Every structure is written in structure tokens, then in C-alpha cells.
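Now for the letters of each chain:
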Amino acid sequence: MSYVAKQQGWVGRQFNRKEDYRLTTGKGQYFADIVVPGMLHLVFVRSKHAHARIKRIDTSAAKAIPGVVAVVTGEDVRDAIKSLPQPVVVPALPARYPTFWPLAVDKVKFHGEPVAAVVARDKYVAEDAADAVAIEYEPLPIIGDMEDALKLGSPIVHDGWENNEMFSMTFTGGATPESQAANDAEVDQLIKSADVSIKGRYRVHRCGVTPLEPRGALATWDESDGMVAWITTQRPHIDRLAMSDVLDIPTERIRVIAPRDQGGAFGVKAPFYREPILVCYMARELKRPVRWLETREEHLMSVSQERDQIHDLEIGATKEGRIVALRDRGLADNGDGCEGVYWGYLMPFLGAALLPNAYDLTKCDIKIRVACTNKAVLSPARSFGAYPTRFALERAIDRLAHRLDKDPADVRRLNLIPTLPYVTATGVNYDSGDFLKVWDYLIKTIDLTKFRAEQREAWRRGRYIGVGFGVGAELSGVASSVLVPMENQPGYGAATVRLDPRGKVQVFEGDAPGGQGHETSMAQVVAQEFGIHPNDVTVMHGDTSTTPFGSGTIGARAGSYTVSAISTACRVLKKKIARVMAHDLKIESDPDDFVFVDGYVVYTKSDNVRKTFREVVERIIMAPLNLPAGESGGLEHTSFFEADAPMICFSAHAAFVEVNSNSGQIKLTRYVTSEDVGTVINPQIVEAQVQGGVVQGISNCLFEQFIYDENGQQLTCTFENYKLATAADVPTVEVHHEAGTPCPHTPLGSRGLGEGIPGAVPGALTNAVCDALRPFGIEIDELPLRPDRVWRALKEAKRLAAAE
Amino acid sequence: MYPAVIETYDVPTSVQEALQAFAKRGNDSCFIAGGQSLMQAIKARVISPKSLIDLQRVAELNGIECNQGAVRIGAMTRYRDIAADERLDGAFQALRDAASHVGDRQVRNRGTIGGSLCWNYIAACMPPTCIGIGASLDLVSKGGKRSLLAEEFLQSPLETARRDDEIVVAVTLPTPQKYCGSAYKKWGLVTDALPVVCVCAFIDLGNDGRCQLARLAVGGLATGPRRANVGEKALIGVSATDASAISDAAETAAASTETQSDMWADAEYRKKLIGILAREVITTAFARAARGKHS
Amino acid sequence: MNKEISITINGEIFQQSVPIRMLLVDFIRDVAGLTGTHVGCTFEGVCGACTIHLDDEAVKSCLMLAVQADGRSITTIEGLAANGKLHPLQKAFNDHHALQCGFCSAGILMNMAEFTRTNRKLTEDEIRNALVGNLCRCTGYAHIVDAIKEVAGDAGSISAVHQHNLERA
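In order, the protein sequence lines correspond to chains S, D and W. Here this note's numbering is used: position 598 in the first sequence is 598, and no number is missing along the way. For this note's numbering, add 1000 to where a residue sits in the second sequence, where the first one is 1. For this note's numbering, add 2000 to where a residue sits in the third sequence, where the first one is 1.
Hints listed in this document are in silico derivations from the structure and should not be mistaken for laboratory results. It is possible that part of the hints are untrue.
What the hints assert, rightly or not - Cut-off 30 Å, straight-line C-alpha distance, at most; resulting in silico cross-link-like pairs (DSS-like, lysine-lysine):
#, chain 1, residue 1, chain 2, residue 2
1, S, K199, S, K48
2, W, K2003, D, K1050
3, S, K27, S, K48
4, S, K667, D, K1050
5, S, K504, W, K2003
6, S, K82, S, K123
7, S, K605, S, K575
8, S, K605, S, K504
9, S, K199, S, K586
10, S, K504, W, K2121
11, D, K1050, S, K63
12, D, K1271, S, K798
13, S, K406, W, K2121
14, S, K586, S, K667
15, S, K48, S, K192
16, S, K437, S, K363
17, W, K2003, S, K667
18, D, K1050, S, K48
19, S, K319, S, K504
20, W, K2121, S, K123
21, W, K2085, D, K1142
22, W, K2085, S, K18
23, S, K27, W, K2091
24, W, K2091, D, K1024
25, D, K1142, S, K795
26, S, K437, S, K504
27, S, K123, D, K1050
28, S, K123, S, K55
29, S, K151, S, K63
30, W, K2003, S, K63
31, D, K1271, S, K795
32, S, K367, S, K151
33, S, K18, S, K48
34, S, K367, S, K199
35, S, K18, W, K2091
36, S, K123, S, K151
Predicted model, so just to flag it, every value in this text is computed and none were measured.
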């Protein structure tokens, strides 16, 4: 009779988050809560011009204000701080990398570029002094439009460049110009000879993620121990390397700590930015702690701007709706392009690579160009460049369906990848999953047939309701095979699992979460492995001195890679525990004959042969005598996990709207998703990722927009103007993951999710509006999706109809 | 982010004390009411007063009095209290419509009607509402008192007829006729956003159920809040059931209003929205007027 | 330039000479050392993360000067739990996973603690409208609404979606 576990496993089970107690009682430890005695406050003076030569900076008035310790300009630092690019923050891709320092040198290239910095004992005084810095500029012509930027004769953003093209790439047709040309010709021919072709220009505006906590950096310098820097970063290990290079500090004397609690990130805290470099530099110069805390205005001016792409996309299809070929020419507006690690262009790069999405499109010709303009550089945002490419293809598919007078749902299904694994025409590997199963579950759940009947009835009564679809095959973690060429960084998950003599567990991992609940879900994984309780497990993260090297919290790595490293390390330790126990009991056995449940280690082949987890662990750590041959004492293991294939997760979205045909106003009435997230570790956390991701996608699509005027002035630097969705503007999303399948490449079968969710939203929403307005034949291909845009389209459609 | 240096801060407990404080501190002083708009400007350093005179402890400025239908609202009365006061229903219900959707509930706990009127922000609810319902403002200075109709008081955005040394002490509304009703609605991109455009309608029905007096006030305009006189005339003689006349009047009001283009809406769509909002508030005002409620 | 003020926070009196221009949120965080109240926007006062109770009313502490709270009583998130016992909203937030990064949570809890003190049997719409002054970027608001419904909702306001999500949790 084998032991029957009393306690249910922890993976897949609802378990309240451990983080919540401190976060709901005001005991969180966010960046702004960290106080170092004697810390000085650094405030940036930012350019009021979008493009101008710096003629003169007068810091005398600022320096004269009592309490001001230092004022520095680009001239002060250009010889003291290495400029970027430095190798560790440069992708292995052929782009042009602009040279830049933390403060502008010679000229400013966007409204909000840091030009000078003031350090003072009091943060209010620092702002007074920043106001007192007088700068003389000589304005230069503004490069404000990405298409104009690439025209012959355009003014140039970067001195020394002959044009404003920072990056361009062909994603299809092999590696040589000859093979690409042949591919392009074939695609062209297929489109020309197709039964039907849909050509369109799809445009997505500038918008992004804006976590509620802005950025910050706090550095201390000690002559013997070196630099300690707290940075609101998703990637402390990468920041440490980069800071070491830029400031010439040997790596053993620099420690970067991502605060234990971070108020959201969503990608915007992943790059290696200007500001922390200057903070660290000033701390070393002044030999005093220096802190910069970003204001919301600074944040909206200089980061969180993403998407901003134009796609000229053409598809050719059979009269049944099966797409036979696709051609895309994408263009992205990358602002000044100055940003460590991502340089702004990696987002459109990946977006283009992911353009085929979950559709079986073997014949593609996809190219992008990335232009520099006088705007802030693009910074990573959830969905990482794919928000516009998803939008473009989803809209094209619906237009195809309309042309063929078919249901967009049917045309979509016809084109979904039927079996995995699959490699896209752009070379992206999709490891596993059943897209059709997930899709069919969505359609069944929303009862599309019933809705179509309701819709016809509504149209008869002059009410315009509609449904729109979008799908997303999203990266689930980023494998080394992708991350090394893309960012010169490894993709493995890494974790140290340390048992203590009381049978408790500490996990050390180098990622830096910002709300994803790692302390809980990782504790659940460990608890499941060892048969103990999640409250017996603590997770330490984000400190480069105490955690193994990891690439950080990006691309949904935690649920796919880091968690896998944790469970791998646990399993190594379990095998050791089993070997020692067998040896002690003088049993000939296989480590797999022991199970870890209910706080015991149990020999499954014989009743009552078991020991408490604690006693076995204590024996191995504290009393390492008479161990099996070749075995040492201690119970700690570090694992590095690399999946044997890059992995994905998949979701299908359906958005329901009602549109007022008089005013163009849009009401979002229902939103449903069907997800494949593999094995679910914590159901609430998984569902919450979808709620949050969809709402960000909705907010981006309907409400948010970064706007630069004709003088390059950024007009949307407060939450009054950059509007986020409030609770009253969005519904509760109906989330389903019944149709998921476990991932065969991770120990738990889990997939990482969260990062890519917003990508399917703009297609779903816009398709819903166009679907609702089918009687008018409206097609909307440009975002943001605003009532006035809809109204204008309706007006035009009515005018054309009247003219007939 | 942070205010510039503020040198003095006074907390008078009476209107007289407040006026004396202003006289003492001079023209580089600001009265602060709820601060929900003023503090934004001070923190942005758009204005940097050397002296602040805080009116939150001047008790006589707080409270709503109703006397046979006439209403006196102390200038420091919070939006929250206006929103909750059922005595305003009917003739002056537009005030409740407006007050209950300003900003958010935290703003409504602090923000005041007097503060909103004196600030006269381009995208504000109280200014056009007060014009629409025919409110007057009582102002007091060391030199005496005066009373101005809201539409005389409110000028172009951020400009009013208030002299620096004057304090608005109350918003007053005369006893309305028996069948009066008002309504207010705004449009913004997200829920309860600052209005891109907004409309207040006030309808006075004669005993025959036909409109004998109408006021339509539009806000969100670069000109400052304005009455739509042509639209008002088109409502004279109209009854509640005459939907097409109401619709026409709303369209006339919209067409005759000078609108501007900005990042939220262009001039044409603004007109479209004004027409839609006007039709809704006129219809609601008619319904409220027909109930014939006044205390 | 400076004024001597006395503010009671969570029952404790803080007396200090402060610059008149000091924001109330900075008094709370830097003078009283209570960092549970957060700053998420600049001068616009839109995000609501700084919401506290001023004499039992929910207000945004970034839109007030410390001197304006002289002689008055403030409750911050650290004072929401009474005598070590969590407020029902704090517990409900944990049960319903109503926070992810937690940066907006203090402001929401303080706003809703006031709102639900006098408003019960709330519909979903009423709850969502009351939350307009608190921006959240992580949760999409759904679980926050669920948590508030549990504490002060109208039983009939449990929507089908909420029910479905609850059952599958």
C-alpha cells in the first residue's frame, strides 16, 4: 500500500499572495521609501526644445542657491563618463548606434532630453535651482514625422549621419540578397495572381505602459567597497555590467539592487537609461549618496512611448479566404534612438518578426525601417513592438472577410496554424500548443451564432452591435538562441535553492518583479516539490550580490524559465535527500521511490518508512557523517534552465461593442479571452495578468496618445492629457484557460504569460467597431480608436451612400 | 513638481479677517479655497504666490441656505455637499448633475463652487452651469459689496471680473417660477474627465407647459463659457413632447457656438457633441420643469 | 517661510516647523516617516495614490500643503487596520488578488474605506464610478471591484463574469 498524500499539491491551487499583507498595510519597500542618511537630491534640467544647438549654459545662479551642492552639464561629463554605446548594452544586430552621454552634448534632440543636473540637500531646493539654470539654444529644424525623416533632404537628427535611418531589416527569404529577392518576387507574384488581395496602410499611434511608480536611482559610493545602486530596474544584473563598463568600475565593486517592491514596470524599467548613470557618477564624484526620483512629467516626456508604427500591408488570398502570401513594409518612429540595451528599434524588430502571429503564412515578404526623429526614443512596453503588427494583420484579415462576405471568425480559423511545432516565415519557433482548440473554445463560449442573430435583429432596429477578434502567439520567456543575437544576453532561467536545518527554504533569483507575485507562485512551486507549505519558503530577488546571474523580468520569463530553474534545482536536491535517506535506512532504491508530501519524505515501497522533511534536511546539513560515498553535506543548489525550444503561449480574444451611429461613441460591452497558459501555478495570478493586460490594451487603443506638436513640443506629459482608463471605463474580462495544453519543455508544463497580452486587443476592438458598422461599410485602419474618427468615417460613408 | 517658496500662510476665520490679510500681504497673494485646481497651478509653478490666504476656516462661507426656493450657496461649499442636496432638485438640479461628476470623489470632498468659478478653467463644470441657471455671485471687498450675474463675472478662460482684493462669498439664485428645471452634461474622453464640451440647460415652463424662458450655456470653449442665445430663442413656445423642436434648437445652439480644435476634438466634432449634449439636457430640463418642484 | 504645525496622524501627534510650501504627502512620508502613501503623478493630482483621510474624508494629500492640515487629524494606510485587526477591505483585497504591484493600493483602500463606510449595497457601476480617482495599471480593476463587492456590494451585483471567475479560482 503506498502512502496517500493528505495534502493537495500547491501548483494549480488557489493561494493568497504572500506579498499582500505588507502592500495593503503600507509596509511595502519601494524605491522612494529607501532613505540613506545624508542623501542628496538630484533633479534634471530638461530641454525645452525639440532640436537645438546648446550655445551656453549658465549655472552660476543655480550654484549660488544655498543648499545646492553641484550643478553639472554635458560638457562636464563628456570626458568623465564613457558614452554609450558600450558592448554589453548593444544588440548583435546591424543598426546604427548614436553616441550619447547622460546629459546632452552639443545639441538636444527631443523635448525633455536631460541637459543639466542639479544636486542639492533638499529636493524642493533642487527644483528651485533647476529653474535657475539658464540655457541659450539655437533652434534647429524639427524632424517630426517618420516618413519625412527618411526623405531625401530631411534635416538630420544625429550629427554625422547622412540620413535618419537607424535600422532596417528583411525578415523573410533567407540570408542572402539573392534569396530574399527571389522570395520577394515569389510573394509579389502570389499576391498578384491571388483570387483577392487586400492592401492597406495601418497606423498605430504612440502610446505605452506608464507604470504607476516612476523611475528612480539612488547610489552610494565608498572608496573601499565601491558602488551600491538601488535602481527601479527589471534587470539588475545587466545594469550592473553596463554601469561597470560606462563608469569604469570593476564589477566586483559594484552592486545593483532592484527594490524589493516595484510599482509596475511592463518593460519600461528594462533599458539601461541615462539617468541612473549620472546618479552613480555624481555619487562617486561627490562621495555622498545621491538620489534621483523621477516625476510623472519626466516619465511621460522621456519614456513609456512605444508602438508608433506604420504598416503598408498587403495580403493575397483564395476566394475561400485562405491567405496565400503577405507583404509588409513597416516603419517605426524611434525618436532620438538613444537608449541602452533596446535602442528603441528592438521593439519594431521583434514586432515584425512576430507579425505572422498564430497564422499559417508561409510566403511572406516582411521588411521594416526605423527612423530617428526629434522625439523621445521608444521604450519597451508590454507586447514589445507587436501591438501595431498585430493590429495591421488582424484588420487585414477582417477586411478580407468583408470582401468575401464571410464571417471574420471563419476566415481567421481557416488561417490559424493547425499543428505545432511550427517555424514562422520569419524564423520564430513556436514550440507547442493547440491553437484551434483554444480558438474553438472561444467561439463556443461566446456563442457566435447566437450573437450574429442578435446582431441582425439589432441592425434592423437601428442599433449597431458588433464583435471583433484578435489572437496572439506570445513569447513565453526568451531563449538564449533569441536573446543572445538580439541583446547579447543569455536567456536561461537561474535560481539558487537553499535549504536550512529547520527544513525551511530560501530561493534566490536575479529577476526583479514588479507585481507579478513571484514570491507567491515561486513559493508554491517549491512547496509542491518538497511537500511543505508555501509559508515555509521565502524568495529573495533583485540583488546582484546575492542572486545568480539572470537576464531579468522580461518577456514572461518567470513562469517559463525562472520557475523551471527553481523546480530543477529542487529536484536535484530531492534526489540527494533520497540517496542519503536510502543509505541511512540501508535500502537499495532509486531516488524516485521517495516522495515528498505532507512534510514527510516517504518511501513508497513500504508502509511507515518515512522521516519528516525537517529531520532529513537537518541531518544532511548539520550532521554530515556517514554519508553515501561521493556525497557531501549541505543542501543548496543553483540551476540554470534553458528550454530545448523557444516557447510560446497563445490567446484568442473577442471584443463586443455597441457603437452610436450618431456620435461615433463606442461602448465596450463584453470582452472574452481564451488562453493557453499551460499548467497553471496560481489561478488567480494568471487570470489577473489577463485582466490587467487586456485593460492596458484597451486603454492604449481608446484613450492614450503621446502627442508632439509641429514644434516638437510634447503636449501629453501629465495624466490630465495622457489619459489612462479608469475603473469606470472598462469591463471585467471573462478569462478562460480550459483549452490550454501543458508545455512539454518545462518541468511543470507551465508557460509564461503576461507580457504579450495587450497585442491582441487593438485588432479585436477595431474589428468589433467595424463589424458593428458593417451596414455602413466602414473600415478603420488607424488608431487611436476615437469617437470622432468613427463619426467622421460614418459621415463620409453616409455622404457616399447619399451620392449614389 | 514642488511649489516655489511661499513666504506666508494665513488662516482667517472670517471674511473681514481674510480681506485684512490680503491688504496686509499685498498683490502677490492668492486666496486658496479647495485647492484642487490652484494647487495644480502652484505645483506646476504656473503661478507662484508669495502669500497664501486659506479660506477653509471661514465658516460663514460654507453651507447652502434655501428660503422659499431662493438659494444661497456659500462660496466654500464643497462639490460633495452640493451633489447631495436634494433641495436643489428641479430648477437648479443642474448644479447637482455637475457637482456629482467633477473630477472624482476625492476632489469632490475638497473642491468648492467658489474656487471653480474664480479659477474659470476652460474645461470646468461650475462656470457654464452657473450661467445656465442664472446664478449671481456676491463679492465683498474692503470697499464694499457687489453682485454680478455669473455671465458677467466669467470672462475668457482663467479670467473673471473679480478684482484681486475681492472675495466671492456666495452664489445666489432667485426663487424660480413654479415649473422650472435644469440639467447639465459633459463629454470627456474618459469617465468624469474634465469636459471637452459641456452644456447646461434651464427651462421655465408657463402654466400651458410651453417654454417661456430658456437658458443654454456651453462650456469647454476657448472664448470662455457662453450662452447660446439663438438656441434659447428657438425653445420659446416649445413643449416637452416636441422632440423635433428640441432637436432643432439643440442643433441651432451647436451651430451658433464658436468652437475650437484641440487634441481632444476638432471644432466640427465639438459642435456635434454640443448638439447631442444640448438635446439631452434640454429634454431632461423639460422633464424636471414639468414636475413643478420648488421648496 | 516656515511654520510650526501639529498634525495628528494615525493617532500620533507630529509637531514640526516646516516650509509653508511643503506638500502634505511629503510631511506624511518624510517627516512622519510613513511611506505607505505614494506619489504617482507630478502636479496634476490625478492618480490618487496619495489618498488619505483628513478628518475622516478621503482627499489627495499631494494637492494640499502640510500647513493646511495643521491641527487636524489624518489617517493613512498604516492606520487603517485598527488594533492589529485588518480592515475588511484589506482582507478582501488579499482574498481577491486585488493588487499586483501594490503601488496604487493604499490610495484605493483609503478611498474605498471612506466610501463604504456610508455606502453599502453597491452596484458594480457605483463601485467603478467611485474608483475614478484612483488609477491602476496592473490589475485592470476587475479584482479590486470584486473585493469591494464582497465588503459592501449588493448581492445582486455579483455579475456572471465575477461568478465565473470566482468559481474557477
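Comparing the hints with the structure gives:
1. With a C-alpha separation of about 40 Å, the suggested pair S:K199 and S:K48 falls outside the 30 Å cut-off, and the hint is violated.
2. In summary, the hint linking W:K2003 to D:K1050 is supported, as the alpha carbons are separated by about 14 Å, within the 30 Å threshold.
3. Pair hint S:K27 plus S:K48 does not hold up; C-alpha atoms about 38 Å apart against a cutoff of 30 Å.
4. For a cut-off of 30 Å, the pair hint linking S:K667 to D:K1050 is broken: about 47 Å separates their Cα positions.
5. Among the hinted pairs, S:K504 with W:K2003 is inconsistent with the structure: their alpha-carbon atoms are about 52 Å apart, more than 30 Å.
6. With a C-alpha separation of about 28 Å, the suggested pair S:K82 and S:K123 falls inside the 30 Å cut-off, and the hint holds.
7. Between S:K605 and S:K575 the alpha-carbon distance is near 16 Å, which keeps this suggested pair within the 30 Å criterion.
8. With a C-alpha separation of about 27 Å, the suggested pairing of S:K605 with S:K504 holds against the 30 Å cut-off.
9. Between S:K199 and S:K586 the alpha-carbon distance is near 74 Å, which puts this suggested pair outside the 30 Å criterion.
10. Straight-line distance between C-alpha atoms of S:K504 and W:K2121 comes to about 44 Å, which puts the hinted pair past the 30 Å bound.
11. Distance check on the hinted pair: D:K1050 and S:K63 sit about 23 Å apart at the alpha-carbon level, within 30 Å; holds.
12. At roughly 19 Å between alpha-carbon atoms, D:K1271 and S:K798 fall within 30 Å of each other, so this suggested pair holds.
13. For the hint pairing S:K406 with W:K2121, the CA-to-CA distance comes to about 46 Å; that exceeds 30 Å, so the pair is violated.
14. A threshold of 30 Å between alpha carbons decides the hint, and for S:K586 with S:K667 the separation of about 71 Å lies outside it, so the pair is violated.
15. Taking the CA atoms of S:K48 and S:K192, the gap is near 50 Å; set against the 30 Å cutoff, the hint is violated.
16. Taking the CA atoms of S:K437 and S:K363, the gap is near 25 Å; set against the 30 Å cutoff, the hint holds.
17. Restraint check for W:K2003 and S:K667: the C-alpha separation of about 51 Å exceeds 30 Å, so the hint is violated.
18. For the proposed pair D:K1050 and S:K48, the alpha carbon gap of about 26 Å is at most 30 Å, so the pair holds.
19. Between S:K319 and S:K504, the direct Cα distance comes to roughly 63 Å. Violation of the 30 Å bound is thereby established for this hinted pair.
20. The hinted pair formed by W:K2121 and S:K123 fails the criterion: a straight-line CA distance of about 45 Å is larger than 30 Å.
21. The straight-line distance between the Cα atoms of W:K2085 and D:K1142 is roughly 54 Å, outside the 30 Å bound, and the hint therefore fails.
22. A C-alpha spacing of about 17 Å is found between W:K2085 and S:K18, which places the hinted pair at or below 30 Å, so the restraint holds.
23. The straight-line distance between the Cα atoms of S:K27 and W:K2091 is roughly 15 Å, inside the 30 Å bound, and the hint therefore holds.
24. As the CA atoms of W:K2091 and D:K1024 are separated by approximately 53 Å, the hinted pair breaks the 30 Å bound.
25. With a CA separation close to 57 Å, the supplied pair D:K1142 and S:K795 exceeds the 30 Å bound.
26. For the hint pairing S:K437 with S:K504, the CA-to-CA distance comes to about 41 Å; that exceeds 30 Å, so the pair is violated.
27. Taking the CA atoms of S:K123 and D:K1050, the gap is near 19 Å; set against the 30 Å cutoff, the hint holds.
28. Between S:K123 and S:K55 the CA atoms are separated by roughly 28 Å; this keeps the pair inside 30 Å, and the hint holds.
29. As the CA atoms of S:K151 and S:K63 are separated by approximately 44 Å, the hinted pair breaks the 30 Å bound.
30. Distance check on the hinted pair: W:K2003 and S:K63 sit about 26 Å apart at the alpha-carbon level, within 30 Å; holds.
31. Annotation: proposed proximity of D:K1271 to S:K795 holds, straight-line Cα distance about 14 Å (limit 30 Å).
32. Our distance criterion of 30 Å between C-alpha atoms is met by S:K367 and S:K151, whose separation comes to about 18 Å.
33. With a CA separation close to 45 Å, the supplied pair S:K18 and S:K48 exceeds the 30 Å bound.
34. Simply put, S:K367 and S:K199 have alpha-carbon atoms about 16 Å apart, close enough for the 30 Å limit, and the pair holds.
35. Pair hint S:K18 plus W:K2091 holds up; C-alpha atoms about 12 Å apart against a cutoff of 30 Å.
36. For the proposed pair S:K123 and S:K151, the alpha carbon gap of about 45 Å is over 30 Å, so the pair is violated.
The earlier numbered hints that this structure contradicts are 1, 3, 4, 5, 9, 10, 13, 14, 15, 17, 19, 20, 21, 24, 25, 26, 29, 33 and 36.
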